[in-house]
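Go ahead and model the full structure; you've got the sequences and the hints to work with.
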Amino acid sequence: MLHKTGKHWLAAILAMSLLGACATLTSLYRSTSDRGINIPHKKHADEGLACADCHEPNDQGEPGMPNHDMCSACHEFDPEKPDDTCKQCHSRPDQKVDPVARLLSPEVIFSHAAHTEKEVDCEQCHTNVEKGVLPAGDRMKFCMDCHAKTDPKLNECSVCHSELDRDVRPTMRRGARIAHDNPQLWESLHGRESRKDPDYCALCHTDGESCDECHRNKAPTSHNAAWRGRSHGLRASWDREKCSVCHEEDSCARCHQNTKPRSHRAGWGEPLNTHCVSCHYPPSDTGCTVCHERIEHPKALASPHNVGVYFKCGVCHPGGSPYRAPHVMNTGIRCMACH
65 MLHKTGKHWL AAILAMSLLG ACATLTSLYR STSDRGINIP HKKHADEGLA
115 CADCHEPNDQ GEPGMPNHDM CSACHEFDPE KPDDTCKQCH SRPDQKVDPV
165 ARLLSPEVIF SHAAHTEKEV DCEQCHTNVE KGVLPAGDRM KFCMDCHAKT
215 DPKLNECSVC HSELDRDVRP TMRRGARIAH DNPQLWESLH GRESRKDPDY
265 CALCHTDGES CDECHRNKAP TSHNAAWRGR SHGLRASWDR EKCSVCHEED
315 SCARCHQNTK PRSHRAGWGE PLNTHCVSCH YPPSDTGCTV CHERIEHPKA
365 LASPHNVGVY FKCGVCHPGG SPYRAPHVMN TGIRCMACH
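Sequential numbering of the sequence shown, starting at 65, is according to this note's numbering.
To be clear, the hints were calculated from the coordinates, so they are not data collected in a lab.
Careful: at least some of the hints might be erroneous.
Listed below are the simulated DSS-like cross-link pairs for lysine-lysine, each with C-alpha atoms no more than 27 Å apart in a straight line [as the list claims (entries may be wrong)]: (1) 160 to 145; (2) 145 to 217; (3) 205 to 324; (4) 205 to 182; (5) 306 to 260; (6) 306 to 282; (7) 107 to 151; (8) 182 to 217; (9) 106 to 182; (10) 106 to 151; (11) 160 to 106; (12) 160 to 205; (13) 217 to 160; (14) 106 to 205; (15) 260 to 282; (16) 324 to 282; (17) 213 to 151; (18) 205 to 217; (19) 160 to 182; (20) 182 to 145.
Just so it is clear, the structure is predicted and the values come from calculations on it, not from any experiment.
Given below as structure tokens:
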């Protein structure tokens, strides 16, 4: 039992750990648009202002950033005599705002003019503009989804990236969901992200070997002792396709050829025959035949008719007819496995 002092120390340690974790995540996920300025876009949009009214395009068609002269057309203030009204827009009064700061990485090729020529509205990319100034949060996937609908050739990497280096890991600023250049964060989260949306990872990892390069010798963190001893069979029964992404058919047999699964305990076979429910309740396509190609069924009759091996019983014995086959689950063409 912990004394009060010990509890206090434990609480303090946990609190510091949580604060440290939050600080790390905040620094990695903080918006790159925090440049010391806070423009309430919603108020301007509600007044009926268009984007170009404040972001007037230059000769190259790139939108400009509003300066004091432009703002003074509607707002009364004297930039030479700063006062508290400055704080309405300047979140950091002591910081000079760079009006031409680029939010994208230097190696990213992007042209507003090319999009405006195609009559792409600002709001299509700058979603929820009233809440901030960045385009859609997941910028790379957002762009690629749009390009796939218009011209798939635009999804070639070199169209948007002037420099491609496989040794340089993407950061949050480059549009990745996880900062690949932070090993601790990436290693702890990449598995979860890949399971959530494998197509997103496939945008860059196209060869199918990326996972195998690391996990051939190092098991994923989810494959711990509890997973090996207890839960992997249950997870496999829920979604075998997910397992088959990495594990081929012989993966199960390598272990279970000599070691029975934990479910195959006393009463599994004779005399209780609890294994029957894996096929008969509820009906399932991932029952015994997943592992057992041929099953000796003591109540299965010899082949009742002189029919071909691959003849489907349901052709003559459809469900609902008085001559239906007495099977709870669809046996397909595997009649001879039991009969």
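Do the hints match the structure? See the list:
1. 160 to 145: holds (15 Å)
2. 145 to 217: Cα-Cα ~53 Å, so violated.
3. 205 to 324: violated (45 Å)
4. 205 to 182: Given that 27 Å is the threshold and the Cα spacing comes to 20 Å, the pair holds.
5. 306 to 260: Between residue 306 and residue 260 the Cα gap is close to 11 Å, so the pair holds against 27 Å.
6. 306 to 282: holds (19 Å)
7. 107 to 151: holds (16 Å)
8. 182 to 217: holds (16 Å)
9. 106 to 182: Given that 27 Å is the threshold and the Cα spacing comes to 26 Å, the pair holds.
10. 106 to 151: holds (17 Å)
11. 160 to 106: Between residue 160 and residue 106 the Cα gap is close to 24 Å, so the pair holds against 27 Å.
12. 160 to 205: Violated: residue 160 and residue 205 sit about 33 Å apart, past 27 Å.
13. 217 to 160: violated (41 Å)
14. 106 to 205: Holds. Residue 106 to residue 205 sits at ~26 Å (cutoff 27 Å).
15. 260 to 282: The given pair, whose Cα atoms are some 21 Å apart, holds under the 27 Å limit.
16. 324 to 282: holds (25 Å)
17. 213 to 151: violated (43 Å)
18. 205 to 217: Cα-Cα ~15 Å, so holds.
19. 160 to 182: Judged against 27 Å, a Cα distance of about 35 Å means the pair is violated.
20. 182 to 145: Given pair residue 182, residue 145 is violated - Cα atoms ~43 Å apart, limit 27 Å.
This entry does not satisfy hints 2, 3, 12, 13, 17, 19, 20, going by the numbered hints stated previously.
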